[in-house]
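S.K.: Sequence:
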Amino acid sequence: MQPSINNQLTINQTPLMTYDQIFAKAQEAFLFYKNLPGKEKAAFLRKIADGLEAEKATIIPLASKESNLPEGRITGELGRTTGQIRMFAKLVEEGSWVEATIDHADPNRTPAPKPDIRRFLTPLGPVVVFGASNFPLAFSTAGGDTVSALAAGCPVIYKAHPAHPETSKLVAQVIHRAVTDSALPDGIFQHVEGGAKEGQALAVHPIAKAIAFTGSHYGGMALFKTASQRNEPIPVYAEMGSVNPIFTFEQKLSKDIAGSAKAFISSLTLGVGQFCTNPGLIFVPKSLQKEFAAAIKSEIEDIAAAPMLHEGIADAYYNALQYLQGREELEWVKVAAAKDLIKGHPALAKIKAKDWLSDDKFQQEVFGAFALMVVYEGEDDLLAIAEKLHGQLTITIWAEEEELSDKLFLINLLEEKCGRMLYKGVPTGVEVGYAMQHGGPYPSTSDSRSTSVGVYAIKRFARPIAFQDMPDILLPDALRESNPLGIWRTIDGEFIK
Numbered sequence: 001m002q003p004s005i006n007n008q009l010t011i012n013q014t015p016l017m018t019y020d021q022i023f024a025k026a027q028e029a030f031l032f033y034k035n036l037p038g039k040e041k042a043a044f045l046r047k048i049a050d051g052l053e054a055e056k057a058t059i060i061p062l063a064s065k066e067s068n069l070p071e072g073r074i075t076g077e078l079g080r081t082t083g084q085i086r087m088f089a090k091l092v093e094e095g096s097w098v099e100a101t102i103d104h105a106d107p108n109r110t111p112a113p114k115p116d117i118r119r120f121l122t123p124l125g126p127v128v129v130f131g132a133s134n135f136p137l138a139f140s141t142a143g144g145d146t147v148s149a150l151a152a153g154c155p156v157i158y159k160a161h162p163a164h165p166e167t168s169k170l171v172a173q174v175i176h177r178a179v180t181d182s183a184l185p186d187g188i189f190q191h192v193e194g195g196a197k198e199g200q201a202l203a204v205h206p207i208a209k210a211i212a213f214t215g216s217h218y219g220g221m222a223l224f225k226t227a228s229q230r231n232e233p234i235p236v237y238a239e240m241g242s243v244n245p246i247f248t249f250e251q252k253l254s255k256d257i258a259g260s261a262k263a264f265i266s267s268l269t270l271g272v273g274q275f276c277t278n279p280g281l282i283f284v285p286k287s288l289q290k291e292f293a294a295a296i297k298s299e300i301e302d303i304a305a306a307p308m309l310h311e312g313i314a315d316a317y318y319n320a321l322q323y324l325q326g327r328e329e330l331e332w333v334k335v336a337a338a339k340d341l342i343k344g345h346p347a348l349a350k351i352k353a354k355d356w357l358s359d360d361k362f363q364q365e366v367f368g369a370f371a372l373m374v375v376y377e378g379e380d381d382l383l384a385i386a387e388k389l390h391g392q393l394t395i396t397i398w399a400e401e402e403e404l405s406d407k408l409f410l411i412n413l414l415e416e417k418c419g420r421m422l423y424k425g426v427p428t429g430v431e432v433g434y435a436m437q438h439g440g441p442y443p444s445t446s447d448s449r450s451t452s453v454g455v456y457a458i459k460r461f462a463r464p465i466a467f468q469d470m471p472d473i474l475l476p477d478a479l480r481e482s483n484p485l486g487i488w489r490t491i492d493g494e495f496i497k
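According to our numbering, the sequence shown is numbered sequentially starting from 1.
Treat the hints with care, as some may be off.
[As the list claims (entries may be wrong)] The calculated lysine-lysine pairs, modelled on DSS-like cross-linking and capped at a C-alpha distance of 27 Å, are:
#  : residue 1 : residue 2
1  : K47       : K34
2  : K252      : K339
3  : K169      : K56
4  : K339      : K361
5  : K290      : K361
6  : K459      : K352
7  : K286      : K361
8  : K252      : K197
9  : K65       : K343
10 : K65       : K47
11 : K252      : K388
12 : K388      : K352
13 : K424      : K252
14 : K407      : K417
15 : K252      : K407
16 : K361      : K297
17 : K255      : K407
18 : K297      : K339
19 : K262      : K252
20 : K343      : K297
21 : K407      : K286
22 : K262      : K297
23 : K424      : K286
24 : K262      : K290
No lab work stands behind these hints: they were computed from the structure.
Kindly generate the complete structure, drawing on both the sequences and the hints.
M.R.: This is the structure:
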């Protein structure tokens, strides 16, 4: 079905196109691009990475200006972006990610002959990607969602985030140049602008086959509901953030209270708290609460306020703090200073475990440098907390090994509540690699089986297809008997080349 709103979008400041034209271009490109050899996809992706590096002198100050993030942070983010692009290029060039599986025929099997069946992953089709406000490069125009979709063989219709429009246009131009230089159809990547209405219209278009989103719970669930109510429902991979709790244990914490407080506050206030892995919740044993709170207060007092991403995020942060300041269950360790334009002042409050357990509102993410310190009395409190805890991107445990030897049931419960569990360090900082899992149980994401960081992000945009008794000449290269791609395959139950 078509949206009821105006059926047009702005695309790269060119004449307006209808949604039908946008998706028709994408679908035409898909029918060519899905069969492009992995080596050619890899070359295309590397052209994008090279192009971004060639434009870094322009991209870095522009992204910094639009996002209020320091140039040092943007420089690192650009490196992360080009690094993950090249990682996906390497993945598709090697080719084994398609999970090629072959069960040979056995005509002599009784009582019925066994057919020849061959299975692999094939790209879904055109994908709609929504940019994130807090990562103008790594989760935006050429970010992980876009690149993993392109790597899978899916054209991308990219919906720019209004917080950094010029950065998005510049990066889109880099991608378009890579498309042209690779002699690929220009429908492989299309950059569109607009707000929530335009985003909803993209989500309902019948040619769209999947949606990737990084942002608020409200925005992610709005897209999820739209996609599930279509005539043909499609997957929505929405990363919606979490409070990323840290569980501290007495023996470990007592060894270095000052160092633990420093690590926690550094993580909490990094980037003015505007990370999806920001630790907004820390559980502390009652015996150490006063000492740890004093150490936290000492650390947080030295943290200067800094500009948040934009005024809307700053308003939401201070509105959330105002609500919490009206809750009598909270004891404030650090009250945020009054709002100063868009600067985010850090804040931290303390609450007893029994009070935290009484209201789910204490689990809601406050996007910014705010955290709750929850004081627990013993293992019964921890088990109740683990059962009550919402789904998280990360859970961190600070404990000595001997402290956990009799806590296996608790650890087992916590494993069910997160996508990544850390046993040291802090959750901020998501390594881009092969084993990374950046996604967790609802409400942190809409699909806990997926990740938006790491090579397995590619599998969001592919589906399995099997061919039975298909002539070899008609099979995809990945499934041909001669294995022309030289990839690892599962053949009659054995993983071999």
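S.K.: Does each hint hold? Answer for all of them.
M.R.: Verification of the supplied hints:
Distance hint between K47 and K34 is fulfilled; the C-alpha atoms sit about 19 Å from each other, no more than 27 Å. For the hint pairing K252 with K339, the CA-to-CA distance comes to about 37 Å; that exceeds 27 Å, so the pair is violated. Proposed proximity of K169 and K56 is supported: the alpha carbons are some 14 Å apart, at most 27 Å. A distance of roughly 23 Å separates the Cα atoms of K339 and K361; the hinted pair therefore holds under the 27 Å criterion.
Distance hint between K290 and K361 is fulfilled; the C-alpha atoms sit about 25 Å from each other, no more than 27 Å. Straight-line distance between C-alpha atoms of K459 and K352 comes to about 42 Å, which puts the hinted pair past the 27 Å bound. As the CA atoms of K286 and K361 are separated by approximately 22 Å, the hinted pair is consistent with the 27 Å bound. Taking the CA atoms of K252 and K197, the gap is near 50 Å; set against the 27 Å cutoff, the hint is violated.
A distance of roughly 15 Å separates the Cα atoms of K65 and K343; the hinted pair therefore holds under the 27 Å criterion. The hinted pair formed by K65 and K47 meets the criterion: a straight-line CA distance of about 26 Å does not exceed 27 Å. Taking the CA atoms of K252 and K388, the gap is about 24 Å. The hint holds against a cut of 27 Å. Taking the CA atoms of K388 and K352, the gap is about 15 Å. The hint holds against a cut of 27 Å.
Restraint check for K424 and K252: the C-alpha separation of about 11 Å stays at or below 27 Å, so the hint holds. Between K407 and K417 the CA atoms are separated by roughly 16 Å; this keeps the pair inside 27 Å, and the hint holds. As the CA atoms of K252 and K407 are separated by approximately 15 Å, the hinted pair is consistent with the 27 Å bound. Between K361 and K297, the direct Cα distance comes to roughly 24 Å. Compliance with the 27 Å bound is thereby established for this hinted pair.
Our distance criterion of 27 Å between C-alpha atoms is met by K255 and K407, whose separation comes to about 20 Å. Proximity of K297 to K339 is assessed by CA-CA distance (about 20 Å); at most 27 Å being required, the pair is judged to hold. In summary, the hint linking K262 to K252 is supported, as the alpha carbons are separated by about 15 Å, within the 27 Å threshold. Under the criterion of a C-alpha separation no larger than 27 Å, the hint pairing K343 with K297 is consistent with the structure, at around 20 Å.
As the CA atoms of K407 and K286 are separated by approximately 18 Å, the hinted pair is consistent with the 27 Å bound. Between K262 and K297, the direct Cα distance comes to roughly 10 Å. Compliance with the 27 Å bound is thereby established for this hinted pair. Between K424 and K286, the direct Cα distance comes to roughly 21 Å. Compliance with the 27 Å bound is thereby established for this hinted pair. The suggested pairing of K262 with K290 holds, with an alpha-carbon distance near 16 Å, which does not exceed 27 Å.
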